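The numbers in the working numbering rise by one with no breaks, and the one at position 79 of the sequence shown is 79.
Keep in mind the hints are simulated off the structure, nothing from the lab. Wrong hints could be hidden among the right ones.
Unchecked claim - Derived lysine-lysine pairs resembling DSBU-like cross-links, with alpha carbons at most 35 Å apart:
#1 K198 x K305
#2 K240 x K336
#3 K157 x K127
#4 K309 x K186
#5 K86 x K240
#6 K72 x K186
#7 K186 x K253
#8 K308 x K186
#9 K336 x K309
#10 K390 x K253
#11 K167 x K354
#12 K186 x K115
#13 K380 x K305
#14 K354 x K391
#15 K93 x K186
#16 K235 x K86
#17 K45 x K305
#18 K157 x K104
#19 K85 x K309
#20 K293 x K93
#21 K197 x K157
#22 K170 x K115
#23 K197 x K207
#24 K197 x K293
#25 K198 x K308
#26 K338 x K207
#27 K395 x K301
#28 K45 x K253
Quantities reported herein were computed from a predicted structural model and do not represent experimental measurements.
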Amino acid sequence: MLDEALASVKKFIPKPVFNFFQPFYHLSLAYLAATAYGFPARKLKIVGVTGTNGKSTVVHLISSILEEAGEKVASVSSLRFRINKKEETNALKMTMPGRFKLQKFLREAIRARCKYAVIEVTSEGIKQLRHTGINFYMAVLTNVTPEHIESHGTFEKYRAAKAELFKKAKIHVLNGEDPSIDYFLKISVQNRIIYSKKDFPPNIRLKLLGDFNLENATAAYHAAKLLEIEFAAIKSALEKIEGVPGRLEFIQKEPFAIVVDYAHTPDALEKVYKTLGENLICVLGSAGGRRDKWKRPEMGKIADKFCKKIILTNEDPYDENPEAILADVEQGIVQKIKFQKILDRREAIREAIKSAELGDTVIITGKGAEPWMMLANGQKLSWDDREVVKKELQKM
1 MLDEALASVK
11 KFIPKPVFNF
21 FQPFYHLSLA
31 YLAATAYGFP
41 ARKLKIVGVT
51 GTNGKSTVVH
61 LISSILEEAG
71 EKVASVSSLR
81 FRINKKEETN
91 ALKMTMPGRF
101 KLQKFLREAI
111 RARCKYAVIE
121 VTSEGIKQLR
131 HTGINFYMAV
141 LTNVTPEHIE
151 SHGTFEKYRA
161 AKAELFKKAK
171 IHVLNGEDPS
181 IDYFLKISVQ
191 NRIIYSKKDF
201 PPNIRLKLLG
211 DFNLENATAA
221 YHAAKLLEIE
231 FAAIKSALEK
241 IEGVPGRLEF
251 IQKEPFAIVV
261 DYAHTPDALE
271 KVYKTLGENL
281 ICVLGSAGGR
291 RDKWKRPEMG
301 KIADKFCKKI
311 ILTNEDPYDE
321 NPEAILADVE
331 QGIVQKIKFQ
341 KILDRREAIR
351 EAIKSAELGD
361 TVIITGKGAE
371 PWMMLANGQK
381 LSWDDREVVK
391 KELQKM
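All chains should be built: construct the whole structure from the sequences, respecting the hints.
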């Protein structure tokens, strides 16, 4: 792919030189990609979903509602690429694909006669101008909490990157319960709605667990309403959805529960633990790549507060020493008596399952439905927490 080829060439350019030309580089690539595929976004109603947590779930929910209403829909998320109900796993380890991949996807959506495209939009994608050349009809905000601070420099710059999406959209769907709501309200727009989980229709029986999923469903509900989807289709779609892959996904419920979740930020981790309640056996780690080091002790503190047993393990070390990453997480754990470190992730999961008793919940976080574990020197190890759990259960 051209994106990958250009990334390879970029490695040979001195960093100071590349940094100077970086904005022009990203902008040129974005317009080149859009031109090469004939600006396909102009023929689609594009819904962009951004935020720190919940993006993939909201993309999934909005897409399901549109499909339930009989519309032809394309969607891109960290989970999958889907065009008119035909899908493939997103195995890129990149939530928002490169410019050429994304524009090609939108062209294929037009060929499939799609009317809508729902796209998960990341701050990193915006920073690299991957959204340029795409006319967004609607922008949806889930929440904004600290993430990618090393990459953006400050939380304010991270939030400002998110805001760029809203400067391009005609309609805004904003989370009124998010502390940054006033910041996003300053952006002028033709139409907007401010939602709260309190205004979710009481006659829709949602199967998804947790207040955070109630917020996600409320965002999708209001987005669908603004897209003029009938209430009956919205209700039917939301009531059918029992879960989203790798998001609070129960592998088993008896005699003890085993849950896999993508939670990889302190905010998301705390919400998951609160939703699951007591008697938690927690398997977690933190990503490497020398990014977001600030959050590692915070993850440890949250686990220390909510878990009766903590097993720290490898996640996606990239080029960092896995032992050093876990040492950072361990700094937040005060009650060392309930803490254990098992670097091998499969062994850590096995130990958590073996130690579980009646009424316990084993919660494995950090990777969700991701198909790879990222190692040093660009190596990828085929991996799926859910499949590992199932195989370990079979062995027992």
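Going through the hints against the structure:
Only pairs whose Cα atoms come within 35 Å are accepted, and K198 paired with K305 is accepted, the gap being roughly 28 Å. Pair hint K240 plus K336 does not hold up; C-alpha atoms about 43 Å apart against a cutoff of 35 Å. Of the supplied pair hints, the one linking K157 and K127 holds, its CA atoms being roughly 10 Å apart against a limit of 35 Å. Proposed proximity of K309 and K186 is contradicted: the alpha carbons are some 45 Å apart, above 35 Å.
Restraint check for K86 and K240: satisfied, since their Cα atoms lie roughly 19 Å apart, inside the 35 Å limit. Of the supplied pair hints, the one linking K72 and K186 holds, its CA atoms being roughly 34 Å apart against a limit of 35 Å. Restraint check for K186 and K253: not satisfied, since their Cα atoms lie roughly 45 Å apart, outside the 35 Å limit. For a cut-off of 35 Å, the pair hint linking K308 to K186 is broken: about 44 Å separates their Cα positions.
About 10 Å separates the Cα atoms of K336 and K309, which keeps this hinted pair within 35 Å; it holds. Note on K390 and K253: the hinted pairing holds, with a Cα-Cα distance of about 13 Å set against a maximum of 35 Å. About 51 Å separates the Cα atoms of K167 and K354, which puts this hinted pair outside 35 Å; it is violated. Restraint check for K186 and K115: satisfied, since their Cα atoms lie roughly 30 Å apart, inside the 35 Å limit.
For the proposed pair K380 and K305, the alpha carbon gap of about 33 Å is at most 35 Å, so the pair holds. Proposed proximity of K354 and K391 is supported: the alpha carbons are some 13 Å apart, at most 35 Å. Our distance criterion of 35 Å between C-alpha atoms is met by K93 and K186, whose separation comes to about 33 Å. The hinted pair formed by K235 and K86 meets the criterion: a straight-line CA distance of about 23 Å does not exceed 35 Å.
For the suggested pair K45 and K305, the alpha carbons sit about 44 Å apart, so the restraint of at most 35 Å is broken. As the CA atoms of K157 and K104 are separated by approximately 30 Å, the hinted pair is consistent with the 35 Å bound. Restraint check for K85 and K309: not satisfied, since their Cα atoms lie roughly 41 Å apart, outside the 35 Å limit. For the suggested pair K293 and K93, the alpha carbons sit about 19 Å apart, so the restraint of at most 35 Å is met.
The straight-line distance between the Cα atoms of K197 and K157 is roughly 27 Å, inside the 35 Å bound, and the hint therefore holds. Between the alpha carbons of K170 and K115 the distance comes to roughly 17 Å, so the proposed pair stays at or under 35 Å and holds. Of the supplied pair hints, the one linking K197 and K207 holds, its CA atoms being roughly 15 Å apart against a limit of 35 Å. As the CA atoms of K197 and K293 are separated by approximately 32 Å, the hinted pair is consistent with the 35 Å bound.
Taking the CA atoms of K198 and K308, the gap is near 32 Å; set against the 35 Å cutoff, the hint holds. A distance of roughly 33 Å separates the Cα atoms of K338 and K207; the hinted pair therefore holds under the 35 Å criterion. The straight-line distance between the Cα atoms of K395 and K301 is roughly 33 Å, inside the 35 Å bound, and the hint therefore holds. For the hint linking K45 to K253, the alpha-carbon distance of about 40 Å lies beyond 35 Å, and the restraint is violated.
Of the numbered hints given earlier, the model fails hints 2, 4, 7, 8, 11, 17, 19 and 28; all others are met.
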